[in-house]
Amino acid sequence: MASQDEIFEKVSATLVEALNVDEDEIRPASTLTGDLGAESIDFLDIVFRLEREFGIKIPREELFPEVAEGNNPEFMQDGVVTPKGIDELKRAMPFADFNDFEKDPRMTEFSNLFTVKMITNYIQDKLARGGR
Amino acid sequence: MRWIWLDGFTAFESGVRARSVKNLSLAEDHFAQHFPGFPVMPASLIIEGLAQTGGILVGEKLDFKEKVVLGKVLRAKFEREFLAGETLEYDAEVLMIRPEGSTVLGKVFCEGKCEAEVEIFFAHLGPSWSKSDAAPAGNDENFVFSSELKSFINQARRLDNQAKAKAGSV
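So the protein lines, in turn, are chains Z and P.
Mapped onto our numbering, the consecutive letters of the first sequence carry residue numbers -11 to 120.
Mapped onto our numbering, the consecutive letters of the second sequence carry residue numbers 8 to 177.
These are calculated hints, taken from the structure and not from any lab test.
Some hints could be false.
To be verified - When the alpha-carbon atoms are kept at most 25 Å apart in a straight line, the in silico DMTMM-like pairs for lysine to aspartate or glutamate are as follows:
hint, chain 1, residue 1, chain 2, residue 2
1, Z, K45, P, E107
2, P, K84, Z, E49
3, P, K68, Z, E39
4, P, K68, Z, E49
5, P, K84, Z, E54
6, P, K84, Z, D(-7)
7, P, K171, Z, E27
8, P, K79, Z, E62
9, P, K79, Z, E41
10, Z, K(-2), P, E118
11, Z, K(-2), P, E126
12, P, K84, Z, E41
13, P, K114, Z, E49
14, P, K79, Z, E39
15, P, K79, Z, E54
16, P, K79, Z, D(-7)
17, Z, K114, P, E100
18, Z, K45, P, E88
19, P, K72, Z, E54
20, Z, K(-2), Z, D23
21, P, K72, Z, E49
22, Z, K105, Z, D(-7)
23, Z, K45, P, E100
Unchecked claim - Here are a few chain Z residues that face chain P, going by a calculated C-beta distance under 10 Å:
hint, residue
24, D30
25, R40
26, K78
Since this is a predicted model, take the numbers as computed values, not measurements.
Glycine residues also receive a C-beta, built at the ideal position from the N, C-alpha and C atoms.
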């Protein structure tokens, strides 16, 4: 079973290829969009590359869920995710670190949940469950 | 302006591989400026031709229900320039097809020699995109596989049927 360091190294190598960034730019806390310049099309590319690299299947929206405003006022109001919405997101993304997002739960901050560490956590959990 | 960067298919195997041909004619407008006295086919237009070949290959496999659009060029390597007067063959091979996207390996052959390789990632836009702002107004509902490309699609299907019939008769 791969250690977290080994998984991080492979995730970094995947991001170097997918986003054309230098390896030394990649830290566990790096955000894909803000720090590494990922665009929407890159997320799908990253998912496909991770599947190949780790031999796993990543169902649509499991790693990078899409959250749209206006779907449910219980979860979001005026561009801010409600406490109930945050609970829902935590259930959908148990591998993400919500500490900063809880302090500033504006939708504009949502993409900052997508960090290198988040991907590493997700892959580690996935591998522990035999890729399921 | 017509946006077709291949002249026709020469081979088509559904969901697997396709080959098209592109004659580089000095009559094409872009050669006047790219470059005066040295008519080089822009690499971006060669990639577009490979993407049209690969996009039709993927689209046909999905029964043209998805809009297959060039999302990203994953890798591109050109060994040389291609000049007006040359005939290029675009070979597209499916590497992966998933509901959300696909990848295709494209190769450019000239006089039988592979001179360029490009790996292309396509995003598949579902039916909800049909009425979106991305679709040009008044055009076919599937703005990717427009009526202009449909003639190629019919040609591709004919070639695929011929190949299947030939395989069956051996």
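Quick one, are P/K72 and Z/E49 close enough, alpha carbons at most 25 Å?
Between P/K72 and Z/E49 the Cα gap is close to 21 Å, so the pair holds against 25 Å.
Does Z/R40 pass the interface hint, meaning its C-beta sits closer than 10 Å to a C-beta of chain P?
8 Å, holds
Against the 25 Å threshold, does the CA-CA distance of P/K84 and Z/E41 hold or violate the hint?
23 Å, holds
Are the Cα positions of Z/K(-2) and P/E126 separated by 25 Å at most?
21 Å, holds
Are the Cα positions of P/K114 and Z/E49 separated by 25 Å at most?
Judged against 25 Å, a Cα distance of about 32 Å means the pair is violated.
Is P/K79 close enough to Z/E62, meaning Cα to Cα at most 25 Å?
37 Å, violated
Holds or violated: P/K72 and Z/E54, Cα atoms, limit 25 Å.
23 Å, holds
Is the Cα-Cα distance between P/K84 and Z/E49 25 Å or less?
Answer violated: P/K84 to Z/E49 is near 32 Å, above 25 Å.
Check whether the Cα positions of Z/K(-2) and Z/D23 lie no farther apart than 25 Å.
With a Cα-Cα distance of about 19 Å, the restraint between Z/K(-2) and Z/D23 holds, given a limit of 25 Å.
Is the hinted pair Z/K114 and P/E100 satisfied, with a Cα-Cα distance of at most 25 Å?
31 Å, violated
Given the hint that Z/K105 pairs with Z/D(-7), does the C-alpha gap stay at or below 25 Å?
11 Å, holds
Is the interface hint satisfied for Z/K78? The criterion is a beta-carbon contact with chain P at less than 10 Å.
With Cβ-Cβ at 25 Å, over 10 Å, it is violated.
The structure does not agree with the numbered hints 2, 5, 6, 7, 8, 10, 13, 16, 17, 18, 26 stated previously, though it agrees with the rest.
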